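Q: For reference, the chains in residue letters:
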Amino acid sequence: MSKFINSVKLGDVLTILFFMALVTLLFIKLINLPTGEFLEIETNNESTIFNLEHDIQKKFSGPLGLTEIIIHNKKARIKESPCNKKYCIHHGWINKINETIVCIPNEIRISIIGKNKPYDSTNY
Amino acid sequence: MNYLNNVVLIFLLFLMGCSDNQITQNKDYIFGTIVDIKIYGETKQNADHVSNLIFNDFHHLHTYLHPWKTSAISNINESIKQNRWHDIDDPELIQIIQDNVQLYKSTKGWFNPAIGKLVQLWGFHSDVPGQKIPNGADILDLIKNPPKMNQVIIENSMLRSENPNIQIDLGGYAKGYALKRAKKILEANQISNALINIGGNILAMGKKGKQFWKVGIQHPRENIAFASIELKPGWSIGTSGDYQRYFISNNKRYSHLINPFTGYPVDHTQSATIIIPPKENSEVLSDVLSKPIYLSPKEDKVKLANQLQINYFLIILENGEIMISQEMNKHIEWLGDKEKNVKIY
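Chains as they are written, first to last, in my numbering: chain C, 1 to 124; chain Z, 1 to 345.
Since the hints were made in silico from the structure, they are not lab data.
Remember, predicted model here, so these are calculated numbers, not experimental data.
Pulled a few chain Z residues facing chain C out of the computed Cβ check, cut under 7 Å:
{"id": "1", "residue": "Asn21"}
{"id": "2", "residue": "Gln22"}
{"id": "3", "residue": "Leu195"}
{"id": "4", "residue": "Asn197"}
{"id": "5", "residue": "Gly200"}
{"id": "6", "residue": "Trp213"}
{"id": "7", "residue": "Lys214"}
{"id": "8", "residue": "Gly216"}
{"id": "9", "residue": "Ile217"}
{"id": "10", "residue": "Gln218"}
{"id": "11", "residue": "Ser228"}
{"id": "12", "residue": "Ile237"}
C-beta: ideal position from N, C-alpha, C; glycine also.
Please build the complete structure, drawing on both the sequences and the hints.
A: Structure follows, in C-alpha cells:
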C-alpha cells in the first residue's frame, strides 16, 4: 500500500482532483437545470403540448401500440410502452428543460419545454 | 382504502387529462406553403375537427383564387384579356376585388395586384420559379401602359377593364384573407385561443393560458430567428421578403416581389415585417401592407408606414441595417449574439 502511495505523483493527484471537480460541477449544473413548464409529446407527425401544472394520464398510439404517458407533480414519464427493451420506461421522471425521452420503436418522443420555449411559431 | 384512493386519484387524473390546458397542433400544405394551426384549451378531438374545417376552407380558397391555374380569378383575367364584361356571380368575390382596388388606392399603387403579367414574366407563376431574367423590352411593353388595379371597374356584378395589361394576381392578399376566414371559423366554433400560421403570415387569437403567443422572426439570410415578439390577442404579423421565392442569376438575387412602377424586383431590401393590431380587416392588412413597406425606397418607407398607420414595422435593408419603429422596438426581443445595426424611427 505504502509502495502504491509513494508511486503517486503530484500530477496524478492534480489530475484526479481536476476530474473530481469536473464531475461535481457537472452534477451541480445538472441538478440546477431550470425546471420546465410544458411537456411536448410528438407522435407520428403530430405534436401536442401539455401544461405540467395539470396532472394527466394519457395513451398515445404508435406503430407498436399504445404508450402511456403521465404528468404528476410537475414531472412527466412514460409509464407503459409496447416496445421490447422498455428503456423509455426505465428513464423515469423528467422535469428539466430540454430533458427528453425517446421511444424509437414506438416512434414517440416527449420533451420538457420551458416558459421560454423561444417561440410558438415562426414569421418568415 | 389506499387502493380506493388510488383508483379515485387515477380517475381524477384521467378527467384532468381531458381538461383544457393543452395545445393541439395540426399542419397541412396549402397556398404552396405550410399552414400550421395551434389551438389552446380545447380537447384534441375538437381542435382537430376545427383545424380540418379551416384546412378545407383554405383548400377551397386556394383553388378559387389561384393566380395561374383555372380559377375564378383566371376566368376574370381571360375576360379582361378579351376586353369583355365578366359576370361575377359571387358577392364575396366582388367584395374581394373591390377591397383590392381600395388597397391599391390607399397604398398609392405600391400594392398592385394587377401586375400578374409581370409576375408571370419573371417566372413566378410556377410552383418552381423560373431562373431567367426576362427580356427588358417585354417588361417595358407592360410598364408603358402600366396595369393599375383601379382600372378594374365593377358595375353591379359585372367586371371589366380596358387595360389588357391587367392580370389579377391575389398572391399578396390571399393568405391574409384566409386568416380572416379562419378567425371566423374559430369564432363560430367558440374557439378563442389559437395561433394560425400560413407560410409566415400569422394571426394570434387569445392567449395560451396566461401567456401571450410568441413568434420568432426569421432572418432573411440565415436559417434562424433573429428576434421574437409576443403577439397580443388579435394581432397579425406579416413579412414580405426576398428569401422564400427567388432565383439568383449572375450572383444577383431576383425575388417574386416586383416593383410595380419599374417592373423589376427591388434590390434595396431583404425583408419588411409589420404587425397590425386588431381592427377591421387587420388580418388582410398584415399581409398586404408589408408589400409597400418592402418595395418602396428606403427614404420613403417610414413616411409610407405613417401614412398607412403602420405603427409596428421592422425592415432589414440589403446592407443589413435594421429599421424599426418605436412601438415595435418596445416589444421586440432580440435573439442571438450577433451585433445588429438597428435604427429606431
